[in-house]
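Participant: Listed below are the residues making up each chain.
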Amino acid sequence: MRVTQGCFSFLPDLTDEQITAQVQYCLERGWAVNIEFTDDPHPRNTYWDMWGLPMFDLRDAAGIMRELAECRRIYGDRYIRISGFDSTPGWESVRISFIVNRPEQEPGFRLNRQETVGRNLRYATESYAATRPEGERYQP
Amino acid sequence: MMEAAARVDSMDTVPVDTIDLRREFEDVEIAPVLAQLDRELVGLAPVKTRIREIASLLLVERIRQKMGLATTFPTLHMSFTGNPGTGKTTVALRMAGILHRLGFVRRGHVISVTRDDLVGQYIGHTAPKTKEVLKKAMGGVLFIDEAYYLYRPENERDYGQEAIEILLQIMEQQREDLVVILAGYGDRMEKFFQSNPGFRSRIGHHIDFPDYSGGELLTIAELMLEGQNYRFTPEARSAFERYIAVRRTQPLFSNARSIRNALDRIRLRQANRLVSRLDRVLTAAEVTAIEATDVLASRVFNRPEAAEMQS
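Heads up: the sequence lines are chains A and B, in that order.
With our numbering applied, the first sequence closes on residue 140, and no number is skipped along the way.
With our numbering applied, the second sequence closes on residue 1311, and no number is skipped along the way.
Any given hint could be a false lead.
As a list, the in silico EDC-like pairs of lysine to aspartate or glutamate whose alpha-carbon atoms are at most 20 Å apart [unchecked claim]:
no. : chain 1 : residue 1 : chain 2 : residue 2
1   : B       : K1129     : A       : E67
2   : B       : K1131     : A       : E70
3   : B       : K1129     : A       : E28
4   : B       : K1129     : B       : E1146
5   : B       : K1048     : B       : D1211
6   : B       : K1048     : B       : E1029
7   : B       : K1131     : B       : E1154
8   : B       : K1129     : A       : E70
9   : B       : K1131     : A       : D57
10  : B       : K1131     : A       : E67
11  : B       : K1131     : A       : E36
12  : B       : K1129     : B       : D1187
One side of the interface only, derived from the structure: several residues of chain B facing chain A at Cβ under 8 Å [what the hints assert, rightly or not]:
no. : residue
13  : K1136
14  : Q1174
15  : D1177
Source of the hints: derived by calculation from the structure; they are not laboratory data.
For every residue, glycine included, the Cβ atom is placed at its ideal position computed from N, Cα and C.
I would like the entire structure built from these sequences, with the hints used as guidance.
Facilitator: The structure is reproduced here in structure tokens:
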């Protein structure tokens, strides 16, 4: 099952040229661009690992694309996303976030139903991939 | 991105056999760039020649592309060598704008760094620091002033070597993204290149900045004064001509920088002269005029060499 988080996730995967264009858009608005990666794709997992520090004061997307290539080389079997942080007063938050790399196989999620008092149901989603230990989740 | 899109477009169109050279020349707007350079920079003939050559290369590359011939991205890394005050830094800052207008760099900003910005202080500090600087310079020009400090042969555990290796790697791999300009005094840069042969071969343009002649220095002085809304009186001008002749023979002469410092001191003396007589009405002409006495009061004229030259 294809994970759909962030911008553009219902579109086909972005090509490197398209990613470059998006990153350049962020830079031209003065946002700090971050690269993050994770192998726990649960929709409520907001704590992705950061690839280095947020990249401030850049003018051109080439530097970020180089970092992304380096991140893909090492964590190519995980989800990688790029986010743009806007520090202007009033916003001070992430303005854009999109997935730029995903594992080859995405096994999807199991829905757990737990019956509790009074015939109530509690729902939990769990990634099939997350049943394996961290770091081995998307390896064949 | 615009340039990239334009390139793709021209690839898609059918190659043409003939091209109107003049129209192409006017299209890329090289002429105004070169004219501006001639106007604002005094002397520096070798530098201007090289920029003209680079501009022509761009034009030819564009035409070749339109004709469907193979094009390769030229190596634009440069090294500026010359004595102090010959305009290396000034030209490097200009170069970014020129390359941007000619379409060789995408953004046209300059990141100006020295050894401290590239080399770290402990093991593992240098690589991230250098990479950070390189990332900031992408799409523009990285200007490394006094580049020979990067390499310190007397300390074999110096981290400068690590920075050099990362630089060389990026200079080779990302030639389209980044132009590196090294600057420094001639003899020291020569030693630097001897101990790092990789650098010499990766730099396409070695430009040597000649010393200015007396006449050029006078023109520079007048340009500087004009920028600050001052002017020489005719007597002051000839006094300053003599000042340049004397100062050039003295030690520690650093071309345009010495001239700038001399002008700063002359402005001080002019201000002092104006303030010394308080009970009068000043005109704008008086405030902008620099008199011969302001120039002649310089201690440069009191040195023994100066006395010999005048006798």
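Participant: Check each numbered hint against the structure and report the violated ones by number, ascending.
Facilitator: Hints 3, 7, 12 contradicted; others consistent.
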